[in-house]
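J.: So the protein sequences, as listed, match chains Z and P. With the first letter of the first sequence counted as 1, position 72 gets the number 72 in UniProt numbering; the numbers rise by one all the way through. With the first letter of the second sequence counted as 1, position 18 gets the number 18 in UniProt numbering; the numbers rise by one all the way through.
Just so you know, these hints were derived from the structure itself, not from any lab. Just to be clear, a hint being listed does not mean it is correct.
[Claimed, not checked] Here are the simulated DSBU-like pairs of lysine-lysine, each with C-alpha atoms no more than 35 Å apart in a straight line:
#, chain 1, residue 1, chain 2, residue 2
1, P, Lys184, P, Lys29
2, P, Lys278, Z, Lys235
3, Z, Lys262, Z, Lys231
4, Z, Lys284, P, Lys278
5, P, Lys246, Z, Lys242
6, P, Lys51, Z, Lys105
7, P, Lys266, Z, Lys262
8, Z, Lys259, Z, Lys179
9, Z, Lys273, P, Lys266
10, P, Lys246, Z, Lys259
11, P, Lys246, Z, Lys273
12, Z, Lys252, P, Lys252
13, Z, Lys76, Z, Lys118
14, Z, Lys284, P, Lys266
15, P, Lys252, Z, Lys259
16, P, Lys278, Z, Lys273
17, Z, Lys179, P, Lys177
18, Z, Lys262, P, Lys223
19, P, Lys29, P, Lys160
20, Z, Lys221, P, Lys184
21, Z, Lys231, Z, Lys267
22, Z, Lys242, P, Lys184
23, Z, Lys252, P, Lys184
24, P, Lys29, P, Lys266
25, P, Lys252, Z, Lys273
26, Z, Lys231, Z, Lys221
27, Z, Lys231, P, Lys252
[As the list claims (entries may be wrong)] Partner residues are not named here, just some residues of chain Z that face chain P (Cβ under 10 Å, in silico):
#, residue
28, Ser47
29, Phe93
30, Ala250
31, Lys252
32, Lys284
Ideal Cβ positions, reconstructed from N, Cα and C, are used throughout, including at glycine.
Residues per chain, in single letters:
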Amino acid sequence: MSIRFEKLNYVYQAGTPFEHEALRNVTVSIPEGSYTAIIGHTGSGKSTLLQHLNGLLRPSSGRVTIADKTITSSTKNKELGELRKHVGIVFQFPEAQLFEETVVKDIAFAPKNFGKTKEEAEKIAVEMADLVGLPANILNGSPFELSGGQMRRVAIAGILAMKPDVLVLDEPTAGLDPKGRLEMMQMFEKLHQQQHLTIVLVTHQMDDVANYADHTIVLEKGEVIAAAAPKEIFKDPQWLLKHHLALPKATKFAYELQKTGKFFFDKMPLTEKELAADIVDSLKRGGNQTE
Amino acid sequence: MGEPIIEISDLSFQYPQQEREALSHLNLKVSTGAWVAVIGHNGSGKSTLAKLIDGLLVPKNGTIKIAGTQLTSDTLWDIRKHIGMVFQNPDNQFVGANVEEDVAFGLENQGIPREQMIERVRTALESVGMWEFAQHEPERLSGGQKQRVALAGVIALRPKIIILDEATSMLDPEGRKEIIQLIKNLNQENDFTVISITHDIEEASLAQRVVVIDDGVLVQNDKPENVFQRGAALIESGLDVPFSEKLKNEIKNYGISVPQQYLTEKGMVDWLCQFVSKN
Numbered sequence: 001m002s003i004r005f006e007k008l009n010y011v012y013q014a015g016t017p018f019e020h021e022a023l024r025n026v027t028v029s030i031p032e033g034s035y036t037a038i039i040g041h042t043g044s045g046k047s048t049l050l051q052h053l054n055g056l057l058r059p060s061s062g063r064v065t066i067a068d069k070t071i072t073s074s075t076k077n078k079e080l081g082e083l084r085k086h087v088g089i090v091f092q093f094p095e096a097q098l099f100e101e102t103v104v105k106d107i108a109f110a111p112k113n114f115g116k117t118k119e120e121a122e123k124i125a126v127e128m129a130d131l132v133g134l135p136a137n138i139l140n141g142s143p144f145e146l147s148g149g150q151m152r153r154v155a156i157a158g159i160l161a162m163k164p165d166v167l168v169l170d171e172p173t174a175g176l177d178p179k180g181r182l183e184m185m186q187m188f189e190k191l192h193q194q195q196h197l198t199i200v201l202v203t204h205q206m207d208d209v210a211n212y213a214d215h216t217i218v219l220e221k222g223e224v225i226a227a228a229a230p231k232e233i234f235k236d237p238q239w240l241l242k243h244h245l246a247l248p249k250a251t252k253f254a255y256e257l258q259k260t261g262k263f264f265f266d267k268m269p270l271t272e273k274e275l276a277a278d279i280v281d282s283l284k285r286g287g288n289q290t291e
Numbered sequence: 001m002g003e004p005i006i007e008i009s010d011l012s013f014q015y016p017q018q019e020r021e022a023l024s025h026l027n028l029k030v031s032t033g034a035w036v037a038v039i040g041h042n043g044s045g046k047s048t049l050a051k052l053i054d055g056l057l058v059p060k061n062g063t064i065k066i067a068g069t070q071l072t073s074d075t076l077w078d079i080r081k082h083i084g085m086v087f088q089n090p091d092n093q094f095v096g097a098n099v100e101e102d103v104a105f106g107l108e109n110q111g112i113p114r115e116q117m118i119e120r121v122r123t124a125l126e127s128v129g130m131w132e133f134a135q136h137e138p139e140r141l142s143g144g145q146k147q148r149v150a151l152a153g154v155i156a157l158r159p160k161i162i163i164l165d166e167a168t169s170m171l172d173p174e175g176r177k178e179i180i181q182l183i184k185n186l187n188q189e190n191d192f193t194v195i196s197i198t199h200d201i202e203e204a205s206l207a208q209r210v211v212v213i214d215d216g217v218l219v220q221n222d223k224p225e226n227v228f229q230r231g232a233a234l235i236e237s238g239l240d241v242p243f244s245e246k247l248k249n250e251i252k253n254y255g256i257s258v259p260q261q262y263l264t265e266k267g268m269v270d271w272l273c274q275f276v277s278k279n
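Hey, can you work out the whole structure from these sequences and the hints?
T.: Printed below as a string of C-alpha cells:
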C-alpha cells in the first residue's frame, strides 16, 4: 500500500499568536513494501508527518493518499477510523499504554475493538505474541511484570494484531539497552521481509538507517529536503553537515581515513561490515594505489 | 580530584516481592568534580543506584554519604539540595505552564529572590540553547527540547551533583552532542560532579571513569580504555563497545592481527595508516 503526500501543509494553533507551521508544502511518497526511514533534526516535523499517516491529524491544506483513501482538511472523523486498520503506529515508549490484566488480553484488545469475537481476538493475540518473539509461558501473566523490552514487544504485538499493512515506528528502540535494541531492530527486519509489511521508521540513529532502510526522507523545518536511498543521502557529507545531520559511524570513519590520503573509497561504506571489507581490501593492496 | 563527594559502602537493595537483590554489596567512591558513567543492561540496577543516592529508595543494607554527611531520613532534605536529577522521559518531569515557569519551579521552592531567579532561569535556558522557547508550552516541544529544559531546571538549582538517568537517550545526534558538550563544560568549569547512567557507549567513553553494573553487582570501576578492552565480555552482558572496537574485531575476523589495547577512533585511524605504510 503506497502512501502519497501532496502539497501538504499543517499549522498548529492556527489563528493564534502561537501559530506554527509544522509542515510546509510536503510532496513525497512512501513506496509500497519499502523500509522507509524518516530523519530530521529535532522539531523538523517528523512526528507531525507521522500523525497524518493514520488520521490523528488532518492536513490544514493539501492531501494524503493512503491506498485508495484520500484525506484532506474536510475528511470526516468517521472515515479516518478506517485508516487505522491499515496503518499501525508504534509511538515512543508504547509500553506506557499497556493496561490489561494479562498479556493475551492486552494484545487482543484492538482486534476485539474492531469487531472480532473474544476467541478470534485471542487466537490472533497468540499468533502476534509469537511473531514478536514473546515466549508462550508469559502470555497469561501480567504485562507489568515483564522487562522493559518485553513490555514493548507486547505493545507492538497489540498494534500488529490489527493486521496493518504499514507499521510506523517512532524511535522504537529509545531506552533499550544495546542488546535489546539489536533484537528489536532484527524483529522489525523480519516483519518487513517475512510479513511484507511496509515499515516507516522515524529515527535519529543513522546507523539504523544505514543497516535497515532502503529509502530515506529527510525533513527540515517542516519541508522535505531530500528523498532517496540511504547511499545517496550519505554520499555528500558537506550537504549533511549543512543540514545538521550525522553520518553513520562507519561512513564518518571512512571519511576520516580518506583525509589521511592513505585510503580511498570508491563508494562510501554505510555499515561496519562494508567498512571492514573495504579497509582489508586496501590493506592487502597496500593502501591508496592511485596516490 | 578532591575529597569523595559520594561514598557508598556495602549497599544492598531489594524490591518488595522480588526474589533477588536489585543491588548487592556495592562499594563506590566518587571524587568531587568527577564525571562517572554507569553502564549496564536494562534491569541491571543502574537506576536503582541513582534512586538510592537521591534517597528515593531506602537501602536494605549499607550506607551512602554525600559530601561527608550520611544519608538518613533526617539528612535527606539537605542532601537532596546537593543533587539534581534528570530522568529519561521528559514528559514525566514537567510542572510549569511554560518553559520559563518550569525552570523556575525548583527555585521558587527554595525561596530564591525574584531578581536572582529571573537571571538564573535565563542563564540556565541559554546554556541549554532553549532561551528562545522561554514562553512556549512544554507540551509543544519535541522530546529533545523537553529534555534540555529539564536539564536547565536542574542547572538553575546549582547542585553539586548532577545525575543523568539516560537523559540523552531521546535526543537527536546533534542535540545529544550539545548536551554532552554541556555536561563536559558544567563538569569542568562549574565543578559539578556528574553521574551519567547511559547506554550510549560513545558518551561513556568521554567520562573519566566507567562503572559497570551487571545483575546488581558492580563488576568494574575503571578508566574507559580499560573497561572497553573487555569488548566481547561487555557485549555478552548486553552492553555495547565503542565503534572503533567493533571495527577492530571485524578487521581481525579477516585474519589481520590487530593491537590488543583499546583504540579510540583517532587511534584506529593512526594504526591503520601505520599498517598500510609498513606493508
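J.: Each hint should be assessed against the structure and marked as holding or not.
T.: Hint check:
no.	hint	in the structure
1	P:Lys184 with P:Lys29	20 Å, holds
2	P:Lys278 with Z:Lys235	30 Å, holds
3	Z:Lys262 with Z:Lys231	23 Å, holds
4	Z:Lys284 with P:Lys278	12 Å, holds
5	P:Lys246 with Z:Lys242	29 Å, holds
6	P:Lys51 with Z:Lys105	33 Å, holds
7	P:Lys266 with Z:Lys262	15 Å, holds
8	Z:Lys259 with Z:Lys179	33 Å, holds
9	Z:Lys273 with P:Lys266	19 Å, holds
10	P:Lys246 with Z:Lys259	21 Å, holds
11	P:Lys246 with Z:Lys273	10 Å, holds
12	Z:Lys252 with P:Lys252	20 Å, holds
13	Z:Lys76 with Z:Lys118	30 Å, holds
14	Z:Lys284 with P:Lys266	22 Å, holds
15	P:Lys252 with Z:Lys259	23 Å, holds
16	P:Lys278 with Z:Lys273	24 Å, holds
17	Z:Lys179 with P:Lys177	23 Å, holds
18	Z:Lys262 with P:Lys223	32 Å, holds
19	P:Lys29 with P:Lys160	15 Å, holds
20	Z:Lys221 with P:Lys184	29 Å, holds
21	Z:Lys231 with Z:Lys267	9 Å, holds
22	Z:Lys242 with P:Lys184	25 Å, holds
23	Z:Lys252 with P:Lys184	23 Å, holds
24	P:Lys29 with P:Lys266	31 Å, holds
25	P:Lys252 with Z:Lys273	12 Å, holds
26	Z:Lys231 with Z:Lys221	23 Å, holds
27	Z:Lys231 with P:Lys252	26 Å, holds
28	Ser47	7 Å, holds
29	Phe93	6 Å, holds
30	Ala250	8 Å, holds
31	Lys252	8 Å, holds
32	Lys284	9 Å, holds
In summary, the structure agrees with every hint in the numbered list given earlier.
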